[in-house]
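S.K.: Sequence:
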Amino acid sequence: MLLAFEWSKFASESRTLRVSEPRGTQRSTYFLQIPYRFGLPLTILSSLLHWLVSQSIFLAKVDGLDARGLPSNIGNVTTCGYSPFGMIFTCMGGLLLALFAVALGMQKLKPGMPLAGSCSVAISAACHVPDGTSELEPLMWGVIPKHPDDAHSGVDHCAFANERLERPLPGRLYA
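Letter 56 of the sequence shown, counting from 1, is numbered 56 in my numbering, and no numbers are missing.
No lab work stands behind these hints: they were computed from the structure. Treat each hint with caution, since some may be false.
Heads up, simulated DSS-like pairs for lysine-lysine below, C-alpha to C-alpha not over 25 Å straight-line [unchecked claim]:
id, residue 1, residue 2
1, Lys108, Lys9
2, Lys146, Lys61
3, Lys9, Lys110
Construct the complete structure from the given sequences, taking the supplied hints into account.
M.R.: Okay, structure coming up:
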């Protein structure tokens, strides 16, 4: 979902690429691979859920003692213990995580860019850039202006470019 948000922004404004080793005006990748405003709360919630699960179900060992208070083999028990409160809070944390995912999925994407997700074919189609486009500078996705030689063709081309581009129009053919 967060990949789709970042992808859709390229159709409305010029943006720099996010890469592992930035050069020029490129941006570096996120430490947690997603924006910190999402990554940090999710990491904290995940850690909390793991701790709650460990408090919900746990190993319990009871060593028996004889009448004098000395260790005895009689009455020794190793079992699985559980905490109803821990289970309730674990369920609440899981529900909170699910609600967070649903709320994130209901966010509107910026219009103008076809959905690609992580589909390499769709990403490749969008990345057939015109000559002279530099990946080191901000890019925008949209309709590439036609060359005079291609003016008779009824199919336009959409790709990334360094200049400001127009959005595709409904009903037109694009490659």
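S.K.: Are any of the numbered hints broken by this structure? If so, which, sorted upward?
M.R.: Going through the list in order, the structure violates hint 2 alone and respects the others.
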